[in-house]
Amino acid sequence: MDFSAINPALLIASLMVAATAVMIAAIGELITEKAGVLNLGVEGMMITGAVCGFAVAVGTGSPFLGFLAAAGGGAVLSFLFAVLTQFALANQVASGLALTLFGLGLSSLIGQNYVGIRPPPTPRLDFGPLSDLPVVGPILFNHDPMVYAGLILVALTWAFLKYTRAGLILKAVGENHDAAHALGYKVIRIRILAILFGGACAGLGGAYISLIRVPQWTEGMTGGVGWIALALVVFASWKPWRVLLGAYLFGGVTVLQLNLQAAGVAIPAEYLSMSPYLITIVVLVLMSFDRSGAPASLGRTFHASQ
Amino acid sequence: MIFLEKRPQPSKTLSYITPVLAVLITMVAGGLLFAILGKDPVAAIRIIFWDPLFGEFAFYYRPQLLVKGGPLILIALGLSLGFKAGIWNIGAEGQYIMGAIAGAGVALALYPLEAWWIFPLMILAGALGGWAWAMIPALLKVKFGTNEILVSLMLVYVAENFLSAMAIGAMKNPEGFGFPGSRNLQQYPSAHNTEIIAGSGMHWGVAAAFIAAILAYVLLNRHLLGFQIRLTGEAPRAARFSGVKPARLVLFCMGTAGALAGLAGMFEVAGPAGQITTGFNVGYGFTAIIVAFLGRLHPIGIVLAGLLMALTYIGGEAAQSALQLPAAAIQVFQGMLLFFLLAVDVLTNFRIRITLGETA
Amino acid sequence: MTGTLLKIVGLTKAYPGVVANDDVSFNIQEGEVHALLGENGAGKSTLVKMIYGLVKPDSGDMAFKGTAYEPSEPQEARARGVAMVFQHFSLFDALNVAENVALGMAEPPKTRELAERIRTVSEQYGLPLDPWRLVGDLSAGERQRVEIIRCLLQDPKLLIMDEPTSVLTPQEVEILFATLRKLKSEGTSILYISHKLEEIRALCDEATILRLGKKVGTCTPREVTAAQMAEMMVGNELHRPEREPTTPGDVRLALKDLSVASPSQFGTSLKNITLEVRAGEVLGLAGVAGNGQDELLAALSGEITNAPGMVVLDGTEIGAKGPGPRRRMGLLTGPEERLGHAAAPNMTLTENALLTGAEREGLMSNGFLKWGKAKSFAEAIIDRFDVRTPGTETVARALSGGNLQKFVIGREVMQRPEVLVVNQPTWGVDAAAAATIRQAILDLAAGGTAVIVISQDLDELMEVSDNFAALNEGRLSEIKPAKGLTMEEIGLMMGGAHGMEVAHV
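Protein chains in written order, with UniProt numbering: chain A, 1 to 306; chain B, 1 to 360; chain C, 1 to 505.
Simulated from the structure, these hints should not be mistaken for laboratory data. Treat the hints with caution; some may be incorrect.
Keeping only pairs whose Cα atoms sit at most 27 angstroms apart, straight-line, the calculated BS3-like set for lysine-lysine is [claimed, not checked]: (1) B:Lys-245 <-> C:Lys-370; (2) A:Lys-186 <-> C:Lys-110; (3) C:Lys-184 <-> C:Lys-65; (4) C:Lys-110 <-> C:Lys-157; (5) B:Lys-12 <-> C:Lys-373; (6) C:Lys-7 <-> C:Lys-196; (7) C:Lys-375 <-> B:Lys-12; (8) C:Lys-65 <-> C:Lys-214; (9) A:Lys-239 <-> B:Lys-143; (10) A:Lys-239 <-> A:Lys-162; (11) C:Lys-182 <-> C:Lys-7; (12) C:Lys-373 <-> B:Lys-84; (13) A:Lys-186 <-> C:Lys-214.
If you only want the chain A side, here are some residues facing chain B, beta carbon under 8 angstroms, derived [said to hold, decoys possible]: (14) Ala-98; (15) Leu-133; (16) Leu-278.
Bear in mind that the values here come from a model prediction, so they are computed numbers and not experimental data. Virtual Cβ for every residue (Gly too), placed ideally from N, Cα, C.
Taking the hints into account, I'd like the entire structure generated from these sequences.
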């Protein structure tokens with residue numbers, strides 16, 4: 001066993017990388033749920049984003065276009081969910097599951113010719129000499145653009161919900177759709193937009209895994225991160241800053257267990273690999289006492305009758 | 001202008017027709033998908049849906065229908081109870097794995113003892129293993145109000161890791177030349193889940209599935225508990241008013257689903273699969289969700305839907321070798337089926353009205 | 001009165017199976033308080049939704065200040081100067097007062113500025129309100145203020161009020177009327193929807209009366225009697241329930257210091273409720289909505305359990321028992337919400353009969369259900385209470401409100417309860433069905449059942465009760481004989497004006 005190989009600064013830096021995918025996906029789901037829609041298809045949208053992003057990045061050689069395609073792919077898939085739940089008024093839980101099952105199949109179909117290929121590398125943002133600072137350098141100034149994009153997304157979402165009228169309307173629709181309808185707000189339209197945003201974010205998160213974190217394509221490579229994103233929204237009590245906190249916690253556990261595996265701890269790797277999932281369960285239990293932020297209309301179908 | 005108008009009463013006729021309609025639409029959309037992949041759509045549909053039943057090699061495929069359909073039906077029956085009551089156990093895959101590990105564990109511990117009671121004991125262990133795994137999300141939901149969807153799903157990943165740990169660790173075959181995987185239970189007569197009628201595909205797990213379907217039918221239509229399950233799903237507040245204890249219902253539905261999934265896993269590991277390996281689970285626990293919905297959460301419907309879904313597995317494999325159709329295509333096909341089913345379901349509760357011209 | 005503000009000509013709106021409004025025409029003058037009067041189901045709601053742009057009429061025209069008026073959505077109606085105070089569901093519990101107000105405005109000012117304006121306007125009209133409080137924590141009367149302020153901030157020409165007094169105590173009604181009169185004096189027109197005749201006589205200048213979607217008459221409320229208006233509204237003489245005098249027997253149900261925490265975030269907890277009901281007695285419990293009625297019913301039905309000694313039935317402590325055992329012992333209940341609580345909307349009447357009748361009516365043995373007997377029980381309820389339905393295999397939501405209410409109350413009455421507790425037994429029900437239900441309750445009491453009627457309809461309570469008390473913020477007032485109580489006394493029992501200030505007019 002060699003714990004000295006674990007460098008705290010590098011640990012924090014890699015924790016931020018490990019947290020980014022789940023954070024972006026969870027922020028998207030948070031907006032969707034704030035509008036009163038429970039989309040359980042995050043895993044399916046993430047894996048679809050992962051493969052779309054990968055395919056386009058390999059095809060064009062541009063990781064940027066890859067991420068764009070991933071957002072698009074996730075959004076397209078989420079649109080299917082929107083059609084099912086908002087127009088056909090299907091059960092949201094069942095539709096979300098359908099989305100995940102479909103997404104997993106679709107992604108492996110698209111991805112079968114991409115196994116074993118390396119995607120074009122995503123350059124790190126260049127902060128010049130700042131990156132060379134001890135401790136602060138690797139933690140703050142030595143990341144790929146998506147790490148920063150994720151942080152900005154959290155901040156923007158927070159400001160959007162707290163300070164903008166559109167954010168207020170979104171919350172109103174999720175809180176009481178009948179009242180919002182009575183005041184003349186287009187409940188269905190607002191919810192569809194929120195679903196699409198959630199899909200795009202999930203797609204981005206998925207592409208982060210296939211293009212940067214791993215980076216290559218394998219079937220089912222998101223490995224439950226989409227579900228953890230869903231758990232994260234509950235953990236965060238529907239508050240953006242707490243999504244950030246939760247994502248870093250999750251990232252920390254993931255990185256730590258990987259480091260422990262690498263350091264050759266006497267616990268078999270399989271048991272260490274369980275830890276992120278087990279911790280998610282523990283966190284769900286701990287957070288079950290605080291449902292204060294939960295939108296009151298979450299998961300309920302809206303139909304403007306009479 | 002097209003809009004939906006709520007029917008005063010859900011249409012019974014349509015609730016029977018919509019699954020069939022969904023299957024037909026999926027066939028068309030699937031054909032389209034196969035055409036995009038450069039395969040002859042008509043040939044693909046024939047190879048998947050017709051040949052396994054009536055083609056040249058039907059004698060080989062037909063028993064497979066039962067072998068694959070058995071676990072799907074068994075798991076879906078359990079899930080359907082919870083789904084009816086609005087309790088969403090989607091971690092059947094994990095419960096299936098744990099049932100298999102528990103069942104196989106009993107056999108491996110007793111090897112090479114031969115006795116008549118070993119197989120019944122394995123059945124019990126399998127059911128208990130799945131039940132215990134399902135009790136985790138159930139108890140957490142009852143005690144703390146945690147979301148059973150997320151917890152049961154997280155436990156799938158935990159179970160998968162546990163399965164690999166078993167396959168290369170505690171349950172590894174000591175005579176296996178270092179290869180991962182347990183002893184093959186097919187070569188252990190007291191533990192082998194044999195075919196009841198040789199060559200029919202009808203092993204004990206399939207028999208269990210049919211028995212479970214009959215029991216589920218009686219439960220849902222004739223017994224107070226079944227009524228309470230339906231009532232809870234339709235109107236949770238009315239159910240509490242009626243005297244239903246929600247916590248007990250959660251424990252019952254989750255526990256039953258877990259036990260049935262565990263049984264399915266145990267019958268699989270002791271029969272068709274034979275051994276505990278890392279990739280032992282092939283997604284029956286998830287496909288069973290589609291089976292449950294396609295069967296309208298009705299026991300008889302589930303039996304039919306389970307057989308149909310088994311057909312897509314078998315036909316899919318056939319198409320894989322005959323047309324080089326990718327394995328994932330069949331997964332997409334199954335996913336699409338659930339999509340279309342949910343979409344056409346709207347017809348049961350709503351009427352589509354088309355009005356022409358000015359309405360105001 | 002300077003001219004016509006809103007002119008309505010031949011408005012018609014049909015829904016599948018029912019014509020909600022049939023060729024309705026009337027005018028609202030500037031500065032007039034105009035009453036829209038009618039029974040439940042007469043089409044009042046549909047009519048105002050058309051005026052507010054929520055529903056499109058099939059045919060007919062409207063003109064506002066002399067120009068054509070066809071609002072396609074509420075924003076358009078608000079832009080023209082039409083504002084509406086809803087009866088329920090237009091507030092957001094988890095948002096604060098200022099945010100709720102902002103959501104009802106087309107272009108709200110900055111939050112701080114808006115809060116200031118809310119303070120000013122609310123004090124100006126005698127409806128003080130703290131802009132930063134969460135709406136979920138407000139009382140029913142305060143919630144209504146939020147809605148009114150939301151409207152007033154937009155300087156409406158026409159203010160629509162849908163049954164505004166159903167959530168107020170008599171004292172709070174006076175405050176509201178003072179505010180409305182002040183508005184009227186400033187030239188605002190008010191369309192006032194109600195079925196409470198005395199209120200209309202006290203407040204309104206003109207009245208339009210609807211019955212079954214059609215306009216059946218107009219009158220000047222001050223010049224006619226309440227009875228005359230009632231006759232126009234209902235269409236025929238009403239059968240008034242008859243009360244046979246009874247001497248109360250032994251105590252059947254006793255609550256001792258019953259305290260219950262509300263299961264919902266914005267609910268009301270019950271505090272130290274003590275009462276007794278005797279055989280043959282009807283105890284009426286009044287109270288503004290949200291003062292603990294739902295919680296009390298749940299604590300009695302067994303949906304909420306508590307310490308055994310808090311609820312005592314015929315000398316047996318049952319506080320810790322669930323709904324099943326209580327029902328077996330003869331304590332039956334009827335909740336307020338018909339669909340989803342008293343009945344499962346998508347289940348048949350047979351299944352809904354089974355919902356509470358399984359044990360007392362012997363509809364099962366060893367847990368196995370006897371569907372034949374359940375069907376007969378459902379048929380018996382339908383027969384005795386004249387429930388209009390195609391049959392027992394119809395789903396509950398397909399029935400009209402009045403018919404379903406007759407079914408769910410009938411289901412409990414037919415089980416020969418020892419004690420019956422009902423919450424809002426005639427809410428949203430037409431007059432004929434309401435009379436049937438009240439008569440059934442009185443007959444039951446005459447047969448020796450102890451009855452508690454929880455209701456927000458004071459007229460109903462005065463009609464059926466022997467004794468009377470009120471729920472206020474989860475506490476029970478003193479219990480007094482119903483005979484001889486004045487409105488003033490009742491209002492004070494209900495909590496008076498809840499500390500609200502009277503408008504400085």
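We went through each hint and held it up to the structure:
no.: 1; hint: B:Lys-245 <-> C:Lys-370; verdict: holds, 22 angstroms
no.: 2; hint: A:Lys-186 <-> C:Lys-110; verdict: holds, 23 angstroms
no.: 3; hint: C:Lys-184 <-> C:Lys-65; verdict: holds, 17 angstroms
no.: 4; hint: C:Lys-110 <-> C:Lys-157; verdict: holds, 24 angstroms
no.: 5; hint: B:Lys-12 <-> C:Lys-373; verdict: holds, 23 angstroms
no.: 6; hint: C:Lys-7 <-> C:Lys-196; verdict: holds, 25 angstroms
no.: 7; hint: C:Lys-375 <-> B:Lys-12; verdict: holds, 19 angstroms
no.: 8; hint: C:Lys-65 <-> C:Lys-214; verdict: holds, 25 angstroms
no.: 9; hint: A:Lys-239 <-> B:Lys-143; verdict: holds, 25 angstroms
no.: 10; hint: A:Lys-239 <-> A:Lys-162; verdict: holds, 10 angstroms
no.: 11; hint: C:Lys-182 <-> C:Lys-7; verdict: holds, 24 angstroms
no.: 12; hint: C:Lys-373 <-> B:Lys-84; verdict: holds, 25 angstroms
no.: 13; hint: A:Lys-186 <-> C:Lys-214; verdict: violated, 31 angstroms
no.: 14; hint: Ala-98; verdict: holds, 4 angstroms
no.: 15; hint: Leu-133; verdict: violated, 38 angstroms
no.: 16; hint: Leu-278; verdict: holds, 6 angstroms
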